[in-house]
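Chains as they are written, first to last, in our numbering: chain A, 1 to 284; chain B, 1 to 274.
Please keep in mind that the hints were generated in silico from the structure rather than gathered at the bench. Any given hint might turn out to be false.
Claimed, not checked - Below, simulated DMTMM-like cross-link-like pairs (lysine to aspartate or glutamate); rule was C-alpha separation at most 25 Å, straight line:
hint, chain 1, residue 1, chain 2, residue 2
1, B, Lys68, B, Glu172
2, B, Lys179, A, Asp100
3, B, Lys176, A, Glu98
4, B, Lys68, A, Glu14
Claimed, not checked - Among chain A residues calculated to face chain B with C-beta under 8 Å, some are:
hint, residue
5, Leu56
6, Arg79
7, Phe89
8, Gly156
Quick reminder that beta carbons are idealized off the backbone N, C-alpha and C, glycines included.
For reference, the chains in residue letters:
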Amino acid sequence: MSIKIEHLNYVYSEGTAFERHALRDVNLELPDGQFIGVIGHTGSGKSTLIQHLNGLLRGTSGAVYYNGRNIYEEGYPMRELRSKVGLVFQYPEHQLFEVDVFTDVCFGPKNLGLSPEEVERRAYEALRQVGLKEKHYKKSPFELSGGQKRRVAIAGILAMEPEVLVLDEPTAGLDPRGRDDILDQVAKLHAERHITVILVSHSMEDIARYVERIIVMNKGEVRYDGAPREVFQHYQELEQIGLAAPQVTYLMHDLAGQGWPVDTDATTVEEAADSIYAALAKKC
Amino acid sequence: MIRDITLGQFYPADSVIHKLDPRVKLAGTMVFIVSLFAFRAPEAYVVATLALAAVIRLSKVPLKFMLKGLKSILMILMITVVFNLFLIPGTPVLRIWKLTITQEGIETAVFMAIRLVYLIVGSSVMTLTTTPNSLTDGLEKALRPLKKIHVPVHEISMIMSIALRFIPILLEETDKIMKAQMARGADFDSGNIIQKAKNMVPLLVPLFISAFRRANDLAMAMEARGYHGGEGRTKMKPLIYAKRDKLAYLSMLCYLVVMFLASRSGLVERLLGL
Ligand SMILES: Nc1ncnc2c1ncn2[C@@H]1O[C@H](COP(=O)(O)OP(=O)(O)O)[C@@H](O)[C@H]1O
Ligand SMILES: [Mg+2]
Numbered sequence: 001m002s003i004k005i006e007h008l009n010y011v012y013s014e015g016t017a018f019e020r021h022a023l024r025d026v027n028l029e030l031p032d033g034q035f036i037g038v039i040g041h042t043g044s045g046k047s048t049l050i051q052h053l054n055g056l057l058r059g060t061s062g063a064v065y066y067n068g069r070n071i072y073e074e075g076y077p078m079r080e081l082r083s084k085v086g087l088v089f090q091y092p093e094h095q096l097f098e099v100d101v102f103t104d105v106c107f108g109p110k111n112l113g114l115s116p117e118e119v120e121r122r123a124y125e126a127l128r129q130v131g132l133k134e135k136h137y138k139k140s141p142f143e144l145s146g147g148q149k150r151r152v153a154i155a156g157i158l159a160m161e162p163e164v165l166v167l168d169e170p171t172a173g174l175d176p177r178g179r180d181d182i183l184d185q186v187a188k189l190h191a192e193r194h195i196t197v198i199l200v201s202h203s204m205e206d207i208a209r210y211v212e213r214i215i216v217m218n219k220g221e222v223r224y225d226g227a228p229r230e231v232f233q234h235y236q237e238l239e240q241i242g243l244a245a246p247q248v249t250y251l252m253h254d255l256a257g258q259g260w261p262v263d264t265d266a267t268t269v270e271e272a273a274d275s276i277y278a279a280l281a282k283k284c
Numbered sequence: 001m002i003r004d005i006t007l008g009q010f011y012p013a014d015s016v017i018h019k020l021d022p023r024v025k026l027a028g029t030m031v032f033i034v035s036l037f038a039f040r041a042p043e044a045y046v047v048a049t050l051a052l053a054a055v056i057r058l059s060k061v062p063l064k065f066m067l068k069g070l071k072s073i074l075m076i077l078m079i080t081v082v083f084n085l086f087l088i089p090g091t092p093v094l095r096i097w098k099l100t101i102t103q104e105g106i107e108t109a110v111f112m113a114i115r116l117v118y119l120i121v122g123s124s125v126m127t128l129t130t131t132p133n134s135l136t137d138g139l140e141k142a143l144r145p146l147k148k149i150h151v152p153v154h155e156i157s158m159i160m161s162i163a164l165r166f167i168p169i170l171l172e173e174t175d176k177i178m179k180a181q182m183a184r185g186a187d188f189d190s191g192n193i194i195q196k197a198k199n200m201v202p203l204l205v206p207l208f209i210s211a212f213r214r215a216n217d218l219a220m221a222m223e224a225r226g227y228h229g230g231e232g233r234t235k236m237k238p239l240i241y242a243k244r245d246k247l248a249y250l251s252m253l254c255y256l257v258v259m260f261l262a263s264r265s266g267l268v269e270r271l272l273g274l
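Take these sequences, add in the hints, and give me the full structure.
The following block contains the structure:
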């Protein structure tokens, strides 16, 4: 049970003056249950890549396997795939259209042909999981704040109970508080539902705290792929492609450079603090 | 996928034709079209062909793009040719079952086809080498005299350029919303007409909201930057004729004179008579 991408290429507007090679020979294996971060500079092909995971874009060449079956096969059940791989687009609140929040969240499961009771059960469950208060359920989605709208939109995908949840820059345009709230909810979801979560972002800081694996994209290619501490070791190369490692990485390298016995692989503020305490204890 | 259609119009290249003042290109297109219909002699078409070929060559736009516009009128072209071929009375040349093709029919059909093709290709030269914005700029300036009779020229051209600017944005937005709803299991392809219309709701509602939001934002942004209509408004890049523009007008005049002389010369007839 996994997603496998082989030699995937994608070219926008092929054969015109506006041709754009957006993905180059991408090979990835995304096993079940992982919490994966996809990171890259604007225009590096992150959004293009994730739209291949549920078949919205079809690779110019290469193949995508879902649970071992090639999704470009003749007669592959595309709509079923889209319910299994839930894709939350960037600014998902722009897709809300129903008269009230609850009905909007029901749209996805209803399209799966489920019974009305099941549809409602899933909608409640999804709204609960994104942490939206019950008093908002019967409001028009357009009365809500930006962060609340985004939760509703994410619930709309969750209600389809996907096996893989892909979020394209879910924190774009939110304030720090809203950003942390959404990311915490996503982390909780991953823990509760044991689903694969793929989180797209251009901020290392966001991603480093949550994910167990980072895929770095640059100019349509996969540049690095590994655990956060492995990837951050390349912090100098990351800078060259317009990305920065988390601030603690720089701090730890500076301290190590001055002779402090700290762990330069620390990726979060907590880890860094522990390591610095330990180093201080040793010195004194 | 949707983006291809809109961007297909303007073809960016570094050429003399691209650099010409949009007013010159508007006038040139008009002169060319009028000349096609004003002169009927075969010599005139030789001149028109040469002129068109020269301009296309200068524009550095591949011929493929020039001819793209013809696809859309292929049907009309065929119908025109067929009707002219069979319905014009005159000296019979060929007889197929009950239909006769006449000498005059062939002539008219050929001329009509050439005219239509040149009309489309000629205007394609303009749209392929001029950005929509500079085209509306040119229109505004060219139509300025109409202000005297209280035609809101500036407002009209502003509306036009904003509308043009929004077309690709809204198409992109449509593409995005469609994909987002498809990710939620929406189906835009199957079902009967009523079903299909119903299925459009999840696309149209967000699209309208987005269009209004954008319009609102734009109005705010314009207001914030002191926009107050056309009165006393200056331009960052005012349209001023350069030397090449004057040369272009001169070439147009030459073109008309040559065409006039050529169509009077009877050259083709004499050549055929020999
Ligand atoms: N619909 C489209 N048509 C043409 N080119 C596109 C389209 N969408 C994205 N691109 C181009 O493909 C490249 C990758 O874009 P994208 O996947 O959106 O990057 P990211 O999400 O990492 O910012 C960019 O250069 C972008 O300009
Ligand atoms: Mg993106």
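Are A:Leu56 and chain B close enough, Cβ to Cβ, to be under 8 Å, as the hint says?
Interface hint status for A:Leu56: holds (5 Å vs cutoff 8 Å).
Return the status of the interface hint for A:Phe89: holds when the least beta-carbon distance to chain B is below 8 Å, violated otherwise.
Check passed: Cβ of A:Phe89 comes within 5 Å of chain B, closer than 8 Å.
Take the C-alpha atoms of B:Lys68 and A:Glu14, compute the straight-line distance between them, and say whether it is at most 25 Å.
Between B:Lys68 and A:Glu14 the Cα gap is close to 16 Å, so the pair holds against 25 Å.
Chain B contact restraint for A:Arg79 - C-beta distance below 8 Å
Given a least distance of 6 Å, the restraint on A:Arg79 holds.
Please work out if B:Lys179 and A:Asp100 have their alpha carbons no farther apart than 25 Å.
holds, 22 Å
Compare the distance between the alpha carbons of B:Lys68 and B:Glu172 with 25 Å, and conclude whether the hinted pair is satisfied.
Distance of about 22 Å is within 25 Å: holds.
Interface hint check: A:Gly156, Cβ to nearest Cβ on chain B, cutoff 8 Å. Holds or violated?
holds, 6 Å
Is B:Lys176 within 25 Å of A:Glu98, Cα to Cα?
Holds, at roughly 18 Å.
Comparing the model with each numbered hint stated earlier shows that all of them hold.
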